[in-house]
Amino acid sequence: MAASRRTRSGGKEESGTPQAKRFEPDELEHLYRSMLVIRRFEEKAGQLYGMGLIGGFCHLYIGQEAVVVGLQKLARPGDSIVTSYRDHGHMLAAGMDPKGVMAELTGRAGGYSRGKGGSMHMFSREKGFFGGHGIVGAQVPVGTGLAFAHKYREDGGICMCYLGDGAVNQGQVYESFNMAALWGLPIVYIIENNKYGMGTSVERASAPGDLCQRGAAYGIPGKSVNGMNVLDVIEHCAEAVEHVRAGKGPYLLDLKTYRYRGHSMSDPAKYRTKEEVSKMRSESDPIDQLKTRLLDQGVFDENHLKDIDKQVKGIIGEAAEFAQQSPEPDPSELWTDVLVDA
Amino acid sequence: MPTQILMPALSPTMEEGTLARWMKKEGDTISAGDVIAEIETDKATMEFEAVDEGTLGKILIPDGTEGVKVNQPIGLLLEEGEDESALEEAAKAGQSGGSGNESGGGASDGEADSAPKTAPAAPKSGPAQPPVPSSGNHGAQPDADEPTYDSFKRQTVREALRDAMAEEMRADPDVFVMGEEVAQYEGAYKVTQGLLSEFGDKRVIDTPITEMGFAGLGVGAAFARLKPVVEFMTFNFSMQALDQIINSAAKTLYMAGGQMGCPMVFRGPNGAAARVAAQHSQCYASWYAHVPGLKVISPWSAADAKGLLKAAIRDPNPVVFLEHEILYGQTFDVPDVEDFVLPIGKAKVERVGSDVTLVAFSRMVGHCMAAAETLAEQGIEAEVINLRTLRPLDTATLLKSVRKTNRVVTVEEGWPFAGIGAEIGQICMEQAFDWLDAPVTRVTGADVPMPYAANLEKLALPQPEHVVEAARAVCYRSQA
Ligand SMILES: Cc1ncc(C[n+]2csc(CCOP(=O)(O)OP(=O)(O)O)c2C)c(N)n1
Ligand SMILES: [Mg+2]
Numbered sequence: 001m002a003a004s005r006r007t008r009s010g011g012k013e014e015s016g017t018p019q020a021k022r023f024e025p026d027e028l029e030h031l032y033r034s035m036l037v038i039r040r041f042e043e044k045a046g047q048l049y050g051m052g053l054i055g056g057f058c059h060l061y062i063g064q065e066a067v068v069v070g071l072q073k074l075a076r077p078g079d080s081i082v083t084s085y086r087d088h089g090h091m092l093a094a095g096m097d098p099k100g101v102m103a104e105l106t107g108r109a110g111g112y113s114r115g116k117g118g119s120m121h122m123f124s125r126e127k128g129f130f131g132g133h134g135i136v137g138a139q140v141p142v143g144t145g146l147a148f149a150h151k152y153r154e155d156g157g158i159c160m161c162y163l164g165d166g167a168v169n170q171g172q173v174y175e176s177f178n179m180a181a182l183w184g185l186p187i188v189y190i191i192e193n194n195k196y197g198m199g200t201s202v203e204r205a206s207a208p209g210d211l212c213q214r215g216a217a218y219g220i221p222g223k224s225v226n227g228m229n230v231l232d233v234i235e236h237c238a239e240a241v242e243h244v245r246a247g248k249g250p251y252l253l254d255l256k257t258y259r260y261r262g263h264s265m266s267d268p269a270k271y272r273t274k275e276e277v278s279k280m281r282s283e284s285d286p287i288d289q290l291k292t293r294l295l296d297q298g299v300f301d302e303n304h305l306k307d308i309d310k311q312v313k314g315i316i317g318e319a320a321e322f323a324q325q326s327p328e329p330d331p332s333e334l335w336t337d338v339l340v341d342a
Numbered sequence: 001m002p003t004q005i006l007m008p009a010l011s012p013t014m015e016e017g018t019l020a021r022w023m024k025k026e027g028d029t030i031s032a033g034d035v036i037a038e039i040e041t042d043k044a045t046m047e048f049e050a051v052d053e054g055t056l057g058k059i060l061i062p063d064g065t066e067g068v069k070v071n072q073p074i075g076l077l078l079e080e081g082e083d084e085s086a087l088e089e090a091a092k093a094g095q096s097g098g099s100g101n102e103s104g105g106g107a108s109d110g111e112a113d114s115a116p117k118t119a120p121a122a123p124k125s126g127p128a129q130p131p132v133p134s135s136g137n138h139g140a141q142p143d144a145d146e147p148t149y150d151s152f153k154r155q156t157v158r159e160a161l162r163d164a165m166a167e168e169m170r171a172d173p174d175v176f177v178m179g180e181e182v183a184q185y186e187g188a189y190k191v192t193q194g195l196l197s198e199f200g201d202k203r204v205i206d207t208p209i210t211e212m213g214f215a216g217l218g219v220g221a222a223f224a225r226l227k228p229v230v231e232f233m234t235f236n237f238s239m240q241a242l243d244q245i246i247n248s249a250a251k252t253l254y255m256a257g258g259q260m261g262c263p264m265v266f267r268g269p270n271g272a273a274a275r276v277a278a279q280h281s282q283c284y285a286s287w288y289a290h291v292p293g294l295k296v297i298s299p300w301s302a303a304d305a306k307g308l309l310k311a312a313i314r315d316p317n318p319v320v321f322l323e324h325e326i327l328y329g330q331t332f333d334v335p336d337v338e339d340f341v342l343p344i345g346k347a348k349v350e351r352v353g354s355d356v357t358l359v360a361f362s363r364m365v366g367h368c369m370a371a372a373e374t375l376a377e378q379g380i381e382a383e384v385i386n387l388r389t390l391r392p393l394d395t396a397t398l399l400k401s402v403r404k405t406n407r408v409v410t411v412e413e414g415w416p417f418a419g420i421g422a423e424i425g426q427i428c429m430e431q432a433f434d435w436l437d438a439p440v441t442r443v444t445g446a447d448v449p450m451p452y453a454a455n456l457e458k459l460a461l462p463q464p465e466h467v468v469e470a471a472r473a474v475c476y477r478s479q480a
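Keeping their order, the protein sequence lines are chains G and X. Going by the UniProt record's numbering, the residue at position 236 of the first sequence is 236; the numbering climbs one at a time, nothing skipped. Going by the UniProt record's numbering, the residue at position 263 of the second sequence is 263; the numbering climbs one at a time, nothing skipped.
No incorrect hints appear here.
Only some residues are given here: those of chain X computed to face chain G with a beta carbon under 10 angstroms:
| # | residue |
| --- | --- |
| 1 | 207 |
| 2 | 208 |
| 3 | 239 |
| 4 | 281 |
No farther apart than 25 angstroms at their CA atoms in a straight line, the calculated lysine-lysine pairs in the DSS-like style are these:
| # | chain 1 | residue 1 | chain 2 | residue 2 |
| --- | --- | --- | --- | --- |
| 5 | X | 24 | G | 270 |
| 6 | X | 58 | G | 44 |
| 7 | X | 202 | G | 270 |
| 8 | G | 195 | G | 279 |
| 9 | G | 44 | X | 69 |
Covered stretches of chain X (chain G as the covering partner; in silico rule of three or more C-beta atoms under 8 angstroms from a C-beta of chain G):
| # | segment |
| --- | --- |
| 10 | 5 to 11 |
| 11 | 181 to 192 |
| 12 | 270 to 279 |
| 13 | 447 to 455 |
In case anyone wonders, no lab produced these hints; they're calculated from the structure. The C-beta atom is built at its ideal place from N, Cα and C for all residues, glycine as well.
One chain only, chain X, in its complex shape:
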């Protein structure tokens, strides 16, 4: 039997792609390693190399076919000794689908992979991709405190971040961007796309792999009143630079009696990516939020990302800006105004409700929005607070909501011990004790390093179902 050549997955979450071009014709001999076709994923054209050797017997999917599903047979390979007659047999045997057609893929970009993995603009596709409401114009009821806007544009979080940096760089020549692969490669996750071509290599700088070095260099440049935006390829690597962020950036103003400000931003993806295991999947929110002298922001939507990154770059203090890889490709409405800036230290009520308050930041806001939909079907109206800034925390918005709903569930990807949820619980106890009708409950990542195996990873992360369960529990509703 000829071997089926199957459409490959060329990134961790690719489900289909375009077969752009065959590089071999029927009848050509193929050795392992030969490029046999070019395949377009959502962001890149990749070469598809042969693993087996033989002769290309038949092309099943012609050049230029779009929407070819991963693992669909695209051609037939004849092994040594097989001839055309084998093809006929194969045709009779029908399309058997190939082997090992099991989905183990996660939902994330590779380090060097910049594809918007999570299907863009897919508002409702199951629990892993919670509904994506816009920034205040439709979906759930808007927050009365939030200004309203007339026009919006649809943007991914990735584009919003890029636009924020580009706008601030245009406005202020002291702003520059520095980090690994930010210039020529345009960002390992393509967040700095287009910046090098617009601003040149004086202001968009590729560094060696030397986090402690360039983070510290950024601090020095900020002492000298430049405004560095330092990208960590992921926040996991910021641990190499932790001393500079905490001991130099955060504390110097205080130690210098107010003389030595450090106007800079440390930004990059934080939290759990997909299937990259313990050293590359971790939430640093509570680590940085612990430190006086830092501001810590963690946006969810594209509007958050844009408005808050612009604010962070303008802020005269060191700001740690925690993005999320899995949100980069998600699309939201961003107010289409001249200079859209959001205030640091102000949370947003994403959904108004009366029965329970769900508090989250970053990707978990989406989980809360999804959980709120499910809860609504069960007659529980949840209020969802998107914290946006973790330090300083907007306790006023939190307490206002608690005094209304009397029940709180906090949701975060990070570990429970001394986490953001622990802090919120304490704030509620100290400042809203008399209003609480149930203990503040936490939904967190499992208290273990992130496992690699697909089944264990899923168990280690909060899912919308967990939020629903916790909300029902604080409302004293028994199992549905």
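For reference, chain G alone in the conformation it holds in the complex:
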């Protein structure tokens, strides 16, 4: 009944030493900047939460930045994205405006959902971002439907569907896998395996076996990738995205990553040791890793990176300012958007 501790069959996790040189300097700068935007955004969100300006649940993405930044580098305009409630990073990586995202966190009229959705429920049709879903696993069939629409319209788009390591045990995930494989739908299922679903480690929640093999029974190819290094993510996920874009059906990726903060703001995170967290932070931080590589390989110098830091701080500062200045939604908003007028 209680999970006995078993060892997990050690599947190969794709990582390696991709050559930073293979990326153009402006691409590298984009990756660095994008990860930093997410990091600083989340730190600021944490701070605003501490000041009582953000309420309810607020799930920070700190530590996982390389996953969404790397994968969205492989996406194209016209693709769609869908994820869970841990969604701030995805929205920023999708090109949504930090101001609108932060103002949604503070529940203001200037937010993407005009203050009605909050941290967990935000959307941007323009950027192909379909949420922001508070119910664990619900985004998986929804993403499969987005992929269905891409195929139906033959628009060349694919769906990037993100889910947690905890979400993989929801039944609807497998119902989705079957339909996606059966109908050859263009979808990349991306497990953001940060080792815990709330306070439960993967070992205590999932039967032994590699999560990337969860689609094997449906013939869905799978791969584990080091999700703490953005260049690894790009290099080792490119094939999956190409496979899907070429019309060969779904692909399943298991990105090994880590969240530094508690599950949501008020989780004291007693289920893991401080050493575990600080080891990940000091040895595997995605931003530090890229920074070191850029400096070592002489792509940029310290000053250039400092300038980027400063610009990013400015962007986030403005977003926080906007999120505090934007007014609360008008009381009449309570009654709007329940149905489309018809």
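Please arrange chain X with the ligands on chain G, whose structure you already have, making use of the hints.
Relative to chain G, chain X with the ligands alone:
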């Protein structure tokens, strides 16, 4: 100017906390993300991480200080290039209080946050926290039907629920508890605190996130005559399991010609939490109360919670037990007797009155009690009925009251259409038509998904003022 480091809010409703320990000394360099202090909230010690970088110039609040208010400056951070002289300037400038000192906090636990948020044992603190009378010994006049007890203990609803499960588990080895985070984490809202250590992992079981799976597994185990208590982290997630609850748990006895009982409890927090928006704030009372083959209970006080959960676990039928997150931390008197069990299907008159009957369940009973106080000041004596069980509904208690007061206001957090209030209105019309002096009136949640924004959320939920207004209206009193 040095940056002020402010006391953070580390849970949605934290107002003050203890600064347990600084992890940095004056003069230490700090980078963003460093843990600078440990702060105790009402239930947990949390690490406080720096957002800005610089040097810790001055500690304003020393280790071990209790009752530090959120947003109070606790230290000063020197930025690159600033030195001690900046501190003196800051001292001259005086305590400016920091920026953005606005309260947007709701009143609820986080999912992974178990703090008793609503201040425990705070009987009267404004409309959001209505007066909390005891279970029948003082406060308003007791209900004559309710047995009286000599001794009580003060308990939170959270503790009462835990004790109910623990007592039933001690008494019956077939009772087991299962759900997400119920064992090692001791419940996302700490309701199952201590159960794993007492009963072990055979009987207190952490599940994967797979509601349809473990709810259905519970049904099968109940068919096999075990007595599962299945916790939904919140009832919002029971929708994943709806088919098993309705099609398997509720209907099988009937379809099997009486052979196949399903003695189990589905429990967890229901209704509106605070600031968690539409997918996490919803009342399922009328959904489940619609279904023949289920019993549906929704307690208000700690005594209700204890006595009715014990009854639910013993009941040979599937029982849906709807708790309320915001009540978990509220304290009430619970009869201090050997085996305190309350009857399912019996409402309680929490306050006796002659002019109007206020009918509610769960958290809204508190709103009604608060409204009744206000109404009393205006010369209207309200009778408050705490339904406790929604299916089967105690129509006898309801009708007895209606025949006395001739006026009824129903109060619920859920949506109006086909809600519990609609059902009560119909019962009154069918069975007490001649006694009614005014139309039965409903106070309900707004007929919209729950908004996130603080101002809209407040507008979406019934407030005690709405109950007062409705009561005055059925008494044909004009605006006060
Ligand atoms: C259906 C459902 N069940 C339970 C929850 C409560 N819950 C929210 S997040 C979470 C853990 C999810 O873990 P994982 O999928 O690993 O994602 P992560 O939070 O690590 O990003 C749980 C149990 C929910 N929101 N929806
Ligand atoms: Mg996870």
